Amino acid sequence: MESMDDQVVSRIRKKLNGESVKLWLPPFTVDDKEGTIPDTLVARYATELQLDPSVVLAALKQLRSHALAKLAANRKYQSTGLATLRVRIINSRQEQRKDFELIEVVLQDSGWKLREIVASMCGVDPSMVKLISGGRVIQNGSSLQDQGIRHNGQLMALVLVETADEARDRERQEVELSKIREDAGLLSSVDSDDPSSRYYMQIADQSGKPINLPLAERKALGVAMVLHEKGRAALKRKKYSEALPLLLEADKEFRTCNSELLTNVDNYALLCLDIAWCYLSLRSVDQLFDAEARLKECENGFRRSYGENLERLTAIKGGSNKEAALFCRLHLLQGIVAFHQEHYPQARQYLQKAATLISQLKLHDSKLAQVMAMGFSESDSRLALRSVRGDVDLAVQHIITRQDEKKAQQEKEQEKRKLELRKRRLGKTCTGEWVSVENYDALKAMGFPATNARHALQRANNDINVAIQILQQPPQQPSSATSGTSVASSSSAAQSVLGMNQAVWAQLAQQSISTDMWATLTRLGIDLEVVCEALYRNNGDVDATLSELLGDSENADDEKERDAMQRLAHDIAVNEEDFLDVSLDEEFSYLKEYEAKLASLGH
1 MESMDDQVVS RIRKKLNGES VKLWLPPFTV DDKEGTIPDT LVARYATELQ LDPSVVLAAL
61 KQLRSHALAK LAANRKYQST GLATLRVRII NSRQEQRKDF ELIEVVLQDS GWKLREIVAS
121 MCGVDPSMVK LISGGRVIQN GSSLQDQGIR HNGQLMALVL VETADEARDR ERQEVELSKI
181 REDAGLLSSV DSDDPSSRYY MQIADQSGKP INLPLAERKA LGVAMVLHEK GRAALKRKKY
241 SEALPLLLEA DKEFRTCNSE LLTNVDNYAL LCLDIAWCYL SLRSVDQLFD AEARLKECEN
301 GFRRSYGENL ERLTAIKGGS NKEAALFCRL HLLQGIVAFH QEHYPQARQY LQKAATLISQ
361 LKLHDSKLAQ VMAMGFSESD SRLALRSVRG DVDLAVQHII TRQDEKKAQQ EKEQEKRKLE
421 LRKRRLGKTC TGEWVSVENY DALKAMGFPA TNARHALQRA NNDINVAIQI LQQPPQQPSS
481 ATSGTSVASS SSAAQSVLGM NQAVWAQLAQ QSISTDMWAT LTRLGIDLEV VCEALYRNNG
541 DVDATLSELL GDSENADDEK ERDAMQRLAH DIAVNEEDFL DVSLDEEFSY LKEYEAKLAS
601 LGH
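Residue numbering for the sequence shown follows the UniProt record's numbering, beginning at 1 and increasing consecutively.
Derived from the structure by calculation, the hints contain no laboratory data. Remember, it's a predicted structure, so these values are computed and weren't measured experimentally. Ideal Cβ positions, reconstructed from N, Cα and C, are used throughout, including at glycine. Any given hint might turn out to be false.
What the hints assert, rightly or not - Pair ranges (Cβ atoms, derived): (1) Gln346 - Ser65: 30 to 36 angstroms; (2) Arg136 - Gly427: 48 to 54 angstroms; (3) Pro38 - Gly81: 36 to 42 angstroms; (4) Lys406 - Lys70: 56 to 62 angstroms; (5) Gln352 - Ala216: 40 to 46 angstroms.
Claimed, not checked - The calculated PhoX-like cross-link candidates involving lysine-lysine, where the alpha carbons are at most 20 angstroms apart (straight line), are: (6) Lys406 - Lys416; (7) Lys418 - Lys444; (8) Lys592 - Lys362; (9) Lys61 - Lys33; (10) Lys406 - Lys418; (11) Lys407 - Lys418; (12) Lys353 - Lys592; (13) Lys70 - Lys22; (14) Lys444 - Lys423; (15) Lys353 - Lys597; (16) Lys130 - Lys238; (17) Lys22 - Lys33; (18) Lys412 - Lys423; (19) Lys70 - Lys14; (20) Lys61 - Lys14; (21) Lys113 - Lys130; (22) Lys428 - Lys418; (23) Lys239 - Lys130; (24) Lys61 - Lys15; (25) Lys416 - Lys428; (26) Lys130 - Lys252; (27) Lys179 - Lys252; (28) Lys33 - Lys76; (29) Lys428 - Lys444; (30) Lys296 - Lys353; (31) Lys33 - Lys70.
The whole structure should be built from the sequences, with the hints applied where relevant.
The following block contains the structure:
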């Protein structure tokens with residue numbers, strides 16, 4: 001996160017604080033001007049910290065300069081109310097600035113005002129700046145004070161430098177973010193057990209079992225999970241400045257959920273881990289305190305979800321090696337945070353844990369190539385090999401078993417949806433319940449025409465005995481007593497004609513409708529009897545029949561939900577274990593970097 005120079009300054013600052021040395025007082029500072037730094041102090045610190053005296057002297061001068069600047073800022077704040085903020089500017093196209101930028105603001109100003117100031121300093125449009133403090137994205141409309149910003153506070157500014165095409169993409173992403181919230185909220189609020197619902201978001205536990213939640217929590221959790229997936233996709237592309245705001249927005253949504261819910265699932269723990277990893281990737285040590293809190297939340301969440309030694313995970317999924325990659329990243333981050341807090345023995349312990357896991361999980365390229373040569377993807381091959389501790393034959397069997405289980409689950413879901421779509425086609429009873437598919441099939445098996453059976457169950461409110469009585473009644477003769485009676489009689493006559501000429505309509509349907517169209521109709525739960533009935537109503541006009549059937553298959557709400565689903569599907573991982581697929585190359589690189597830093601400090 002920091003350079004080694006920053007770490008040296010931090011160590012010297014700690015010595016000064018421990019000895020109550022105040023650099024803004026004599027002899028270091030006289031009349032608010034530079035005084036003298038005793039050679040004896042420089043020599044002692046150089047010996048005790050094993051540093052070159054020139055490095056110690058330079059660090060002391062830098063700390064004195066910062067102390068005087070802070071003292072002047074405090075006086076100005078007390079006399080004028082003008083607060084000083086320390087802003088770390090991160091520009092993905094430039095080398096990270098080593099020092100903070102000092103910005104003077106009135107804390108009653110809005111977040112947008114501060115964005116304008118930072119943007120002006122960087123020569124970019126304010127919309128290209130994201131401000132982050134304490135793990136929260138600074139909002140435009142609220143005052144800085146209301147968002148917890150204080151005098152001498154530290155912030156991070158992400159500057160999204162971009163080409164014209166990237167600018168258009170960013171503007172599109174800004175619009176998409178609001179659409180993501182809207183779409184995820186819409187689909188989360190749809191009842192997945194309602195046969196009239198075609199597009200919905202289902203939230204399941206680790207074993208794949210759906211979780212029943214109150215509407216408000218389901219919506220908040222749905223939005224949070226989608227934002228997390230979008231942020232995770234940006235992480236995979238190494239677009240850290242793009243990922244962090246999405247992840248923090250997901251955090252904001254998660255925090256509106258019931259705390260008991262968050263303790264029973266691993267999603268929030270994973271989000272905290274991803275946010276901390278983003279901080280590291282952005283080299284943002286000023287967010288260290290937030291990273292530490294998130295890593296504690298992550299570790300507690302993993303223990304609750306997976307067990308102290310992953311035993312709960314083994315009981316649920318039959319294995320735990322894949323998830324061990326998460327603990328590898330967790331311990332690495334814990335070690336890096338401990339290092340920057342100068343808890344060096346603790347940092348060494350965490351890094352050793354990470355090193356052990358990397359050694360266990362790192363795969364031989366030859367084994368990975370063997371599994372991939374059998375036609376499996378790199379991701380599936382890597383996850384499978386980790387699950388079975390590197391055994392190629394077992395890895396292949398593991399993938400096949402997983403594919404079979406997934407296929408069986410998909411077929412089960414398809415059958416469930418097909419049944420629900422059949423209910424949709426059968427309509428509702430007089431009391432508003434869906435017509436019973438079981439009773440409908442039973443009546444058809446007794447020889448009653450499909451259309452008659454459906455209408456009888458609608459009138460009988462799904463009471464099969466009453467429906468049979470209705471079906472056995474002789475058809476009523478047409479009567480022109482009222483308009484309503486005329487319509488009812490016409491419907492009854494139509495049912496009788498259809499029943500007697502079922503074979504004729506069936507032959508027409510099979511000869512006139514293409515195989516692909518039949519596949520579509522079947523997928524929608526539209527069976528032969530329903531097609532025949534529609535053909536009769538449209539006097540044998542096939543185009544009119546298909547228009548009626550397919551046009552009716554999706555109402556306005558369906559279309560809105562379908563569009564929402566299509567928008568959300570972009571960037572959402574198809575493989576539910578995608579978040580476990582890490583090569584560990586980055587982890588290994590950071591491990592070596594911080595092991596070297598510890599070694600240079602004699603730890």
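Each hint, compared with the structure:
{"no.": "1", "hint": "Gln346 - Ser65: 30 to 36 angstroms", "in the structure": "holds (32 angstroms)"}
{"no.": "2", "hint": "Arg136 - Gly427: 48 to 54 angstroms", "in the structure": "holds (50 angstroms)"}
{"no.": "3", "hint": "Pro38 - Gly81: 36 to 42 angstroms", "in the structure": "holds (38 angstroms)"}
{"no.": "4", "hint": "Lys406 - Lys70: 56 to 62 angstroms", "in the structure": "holds (59 angstroms)"}
{"no.": "5", "hint": "Gln352 - Ala216: 40 to 46 angstroms", "in the structure": "holds (45 angstroms)"}
{"no.": "6", "hint": "Lys406 - Lys416", "in the structure": "holds (15 angstroms)"}
{"no.": "7", "hint": "Lys418 - Lys444", "in the structure": "holds (18 angstroms)"}
{"no.": "8", "hint": "Lys592 - Lys362", "in the structure": "holds (15 angstroms)"}
{"no.": "9", "hint": "Lys61 - Lys33", "in the structure": "holds (12 angstroms)"}
{"no.": "10", "hint": "Lys406 - Lys418", "in the structure": "holds (18 angstroms)"}
{"no.": "11", "hint": "Lys407 - Lys418", "in the structure": "holds (16 angstroms)"}
{"no.": "12", "hint": "Lys353 - Lys592", "in the structure": "holds (13 angstroms)"}
{"no.": "13", "hint": "Lys70 - Lys22", "in the structure": "holds (13 angstroms)"}
{"no.": "14", "hint": "Lys444 - Lys423", "in the structure": "holds (15 angstroms)"}
{"no.": "15", "hint": "Lys353 - Lys597", "in the structure": "holds (17 angstroms)"}
{"no.": "16", "hint": "Lys130 - Lys238", "in the structure": "holds (17 angstroms)"}
{"no.": "17", "hint": "Lys22 - Lys33", "in the structure": "holds (14 angstroms)"}
{"no.": "18", "hint": "Lys412 - Lys423", "in the structure": "holds (17 angstroms)"}
{"no.": "19", "hint": "Lys70 - Lys14", "in the structure": "holds (17 angstroms)"}
{"no.": "20", "hint": "Lys61 - Lys14", "in the structure": "holds (15 angstroms)"}
{"no.": "21", "hint": "Lys113 - Lys130", "in the structure": "holds (12 angstroms)"}
{"no.": "22", "hint": "Lys428 - Lys418", "in the structure": "holds (17 angstroms)"}
{"no.": "23", "hint": "Lys239 - Lys130", "in the structure": "holds (14 angstroms)"}
{"no.": "24", "hint": "Lys61 - Lys15", "in the structure": "holds (15 angstroms)"}
{"no.": "25", "hint": "Lys416 - Lys428", "in the structure": "holds (18 angstroms)"}
{"no.": "26", "hint": "Lys130 - Lys252", "in the structure": "holds (16 angstroms)"}
{"no.": "27", "hint": "Lys179 - Lys252", "in the structure": "holds (17 angstroms)"}
{"no.": "28", "hint": "Lys33 - Lys76", "in the structure": "holds (17 angstroms)"}
{"no.": "29", "hint": "Lys428 - Lys444", "in the structure": "holds (18 angstroms)"}
{"no.": "30", "hint": "Lys296 - Lys353", "in the structure": "holds (16 angstroms)"}
{"no.": "31", "hint": "Lys33 - Lys70", "in the structure": "holds (14 angstroms)"}
In summary, the structure agrees with every hint in the numbered list given earlier.
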